[in-house]
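Peer 1: Sequence:
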Amino acid sequence: MEAISSPALAVERLTKSYGDGTLALDELSLVVPAGSFFGLLGPNGAGKTTLIGSISGLVRAPAGRISVFGHDPV
Numbered sequence: 001m002e003a004i005s006s007p008a009l010a011v012e013r014l015t016k017s018y019g020d021g022t023l024a025l026d027e028l029s030l031v032v033p034a035g036s037f038f039g040l041l042g043p044n045g046a047g048k049t050t051l052i053g054s055i056s057g058l059v060r061a062p063a064g065r066i067s068v069f070g071h072d073p074v
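Here our numbering is used: the first residue of the sequence shown is 1, the next is one more, and so on.
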């Protein structure tokens, strides 16, 4: 079995604000290694839904980079 060198998910300096001035993500970075699990916890308004929307392509973040196994997911 060949080892996977790319992380399952890499988010680099992701920033997203909304029209009313709400800053949902402020240069968020995280790496999820291949084969691992992670949970996303936080209070209301912390940016959890915005992050998941950005990873899935439903929300467009104007700054930052997302990769899934080294590829752009959208």
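Hints are not guaranteed to be accurate.
What the hints assert, rightly or not - The calculated lysine to any residue pairs, modelled on SDA-like cross-linking and capped at a C-alpha distance of 25 angstroms, are:
1. K48 with E12
2. K48 with S29
3. K48 with D72
Claimed, not checked - Each pair of labels, with its calculated beta carbon distance range:
4. F38 with V59: 27 to 37 angstroms
5. G21 with F69: 28 to 38 angstroms
6. F69 with D20: 17 to 27 angstroms
7. F37 with S67: 26 to 36 angstroms
8. P62 with L30: 28 to 38 angstroms
9. S67 with D26: 26 to 36 angstroms
10. L58 with E12: 27 to 37 angstroms
In short, the hints are calculated from the structure, not lab data.
Yeah, the Cβ is synthetic: ideal placement off N, Cα and C, and Gly gets one too.
Peer 1: Please list, smallest to largest, the hint numbers that this structure does not respect.
Peer 2: 4, 6, 7, 8, 9, 10
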